[in-house]
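Engineer: Protein chains in written order, with our numbering: chain A, 1 to 303; chain B, 1 to 275.
Hints are computed from structural coordinates only; laboratory data are not their basis.
Any given hint might turn out to be false.
Simulated restraints on C-beta separations [what the hints assert, rightly or not]:
id	chain 1	residue 1	chain 2	residue 2	range
1	A	R26	B	G27	57 to 67 Å
2	B	N19	A	N195	35 to 45 Å
3	B	R178	A	E191	37 to 47 Å
4	A	V116	B	V120	51 to 61 Å
Quick caveat, the model's predicted, so the values are computed rather than measured.
Glycine included, C-beta positions come from ideal geometry on N, C-alpha and C.
These are the residues of each chain, in order.
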Amino acid sequence: MSTLTHTNGRLTSTTREERLLSFNARYRQQQFTRRNWTLLYGALFLAALSGSVAVSDFSIPGLIKGLPMAWNYIAGTLPTLTLENFWADLANWYWGLRFWLRLLVETILMGFVGTVLGGGVALLLCFPASRNLVENTGIYFAARRSLEFLRTVPELVFALIFVFAFGLGPFAGVLAIAVHTAGSLGKLFAEVNENVDPRPIEGVRAAGGNWPMLMRLGVVPQALPNYASYLLLRFEINVRGASALGIVGAGGIGQELYVAIRQFEYTDISAIMLLLIATTSIIDITCETIRHRLIGQDMQAGH
Amino acid sequence: MLELRKVTKAFGETIAVNNVSLRFEPGQMVGIIGRSGAGKSTLLRLINRLASSGSGDIVFEGTNVTTLSGKALREWRARCAMVFQQFNLVNRLDVLTNVLIGRIGYLGTLPVMFKHFSTVDRAAAALALDRLDLLPQALQRADTLSGGQQQRVAIARALLQNPKLILADEPIASLDPRNARLVMEALRTINLQDKITVITNLHTLDAARAYCDRIIGMAHGHVVFDGTPDQLTSAMIQQIYGDANETAVDESLTSTIAATGAEGPAGKRQLETAH
């Protein structure tokens with residue numbers, strides 16, 4: 001059976017049966033360990049889930065009882081549109097279209113400016129927050145923690161503070177979006193940086209580059225398509241976010257929606273909601289198309 | 001003139017370079033050979049300070065480079081250009097910009113942030129690319145080029161650094177025999193025409209014999225051979241590559257250079273080593 005051992009130059013003196021038996025034992029041991037870990041994680045997940053259900057008062061009967069009421073509310077906001085008088089009914093429903101469109105544009109611009117400002121700050125902070133790009137752990141730690149602070153406080157809370165500081169209006173909203181965007185994009189950018197190929201960076205260093213040059217020539221060209229993709233994703237999120245900030249008086253269409261809800265202007269609610277849904281869908285689809293192009297085909301020209 | 005005095009470098013428990021003292025005269029083409037892990041790579045990276053200094057001194061024209069920092073260190077790195085096994089180009093930038101990266105050691109931070117290079121620098125880059133037969137590819141992205149072309153772009157980048165010294169770390173280990181020959185010939189031509197000292201790690205004996213004036217053999221961090229290609233006997237080769245219980249190294253097995261290239265200044269020696 002073990003005649004092969006000397007021909008392939010093996011140094012061990014065990015037989016094939018012994019080696020296979022030993023392998024089999026190790027294999028079973030590994031399977032056993034893996035199954036136990038899976039069971040442990042499953043049990044932890046179930047415990048966490050049931051705990052959350054208990055704390056958050058989630059109940060299926062409550063859901064079934066409440067759902068029709070939610071539907072009634074939505075149905076109540078829909079206007080009566082008749083076929084014979086369709087255009088007049090539509091004009092009646094969208095009586096405030098010009099005003100709403102202006103607010104809608106304001107909302108989109110708030111999202112845009114907030115994304116650009118926040119993206120700029122994120123770009124500055126993402127390099128010191130990348131573990132592979134800084135030697136000084138103190139700098140890395142400080143950059144990471146400040147990014148965390150920027151993104152853990154919800155936009156609405158920042159908006160409230162900025163409305164208090166800078167007064168009502170879109171300026172406070174833009175700042176709130178920018179702060180939150182800086183935090184979340186900074187983290188995402190840093191993660192992109194941590195995945196770049198180190199060899200170009202070494203090439204730039206060997207040519208005599210200083211740290212900013214390493215970032216600009218070694219890191220940015222590699223990371224740019226991913227930066228752009230995340231920036232567009234954030235723009236989508238920020239337009240949605242901007243439409244809610246009006247609730248605390250920080251500009252955008254949210255304020256008008258909030259007034260409509262509070263004053264039971266039912267058809268206004270549905271009109272504004274539909275405008276919002278249409279706008280965000282268009283932005284989503286556009287951004288997604290561009291992002292897929294950026295990531296999928298890679299950009300032709302270098303930057 | 002570059003001089004290494006009792007240079008030692010350890011990574012944790014492992015001593016990569018052990019008490020190495022060497023002198024390199026200007027204009028030499030030196031090949032360093034040895035098994036993987038013999039310390040060849042670390043030695044080169046100690047010279048241009050990509051690896052942090054260990055003990056001992058590395059002196060270039062009276063300056064101890066082991067203690068340089070800041071701007072002086074950047075200038076030293078610019079003065080001793082490096083060519084890497086994996087080329088280390090910035091793939092997403094075009095070839096011209098990759099070559100211009102060779103100038104950044106002499107430029108301020110702000111223009112580099114905007115990738116702004118002077119007309120003089122651009123002309124120098126174009127000339128360097130033309131010298132390496134790559135001007136037609138100058139505006140292409142670096143990753144559209146073949147491995148051999150990319151390595152020649154890396155050599156053009158090195159030339160733009162106006163180096164006194166070129167360090168090449170396994171420059172042909174990732175290339176096919178034909179491209180390996182083109183790259184070694186380019187390095188040799190630059191060495192002879194521009195009088196630039198070239199120190200190159202090679203894992204093949206025949207490349208070292210064919211292109212180098214002087215061969216240094218390293219084993220376990222020590223220099224075990226230092227001499228001309230003629231002095232490299234099979235007993236010496238055994239000492240550099242061999243292990244106690246291994247049979248003699250067959251030189252033909254370590255060959256990557258096609259033995260057809262008899263042209264050029266290295267041709268004579270290359271014919272001698274053809275087997």
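Engineer: Compare the structure with each hint and give your call.
Structural biologist: Going through the hints against the structure:
A hinted range of 57 to 67 Å holds for the C-beta pair R26/A and G27/B, which are about 59 Å apart. Our hint of 35 to 45 Å for N19/B and N195/A holds, since their Cβ atoms are close to 39 Å apart. Separated by about 41 Å at the C-beta atoms, R178/B and E191/A satisfy the suggested range of 37 to 47 Å. For the hinted restraint 51 to 61 Å between V116/A and V120/B, the CB-CB distance of approximately 36 Å leaves it violated.
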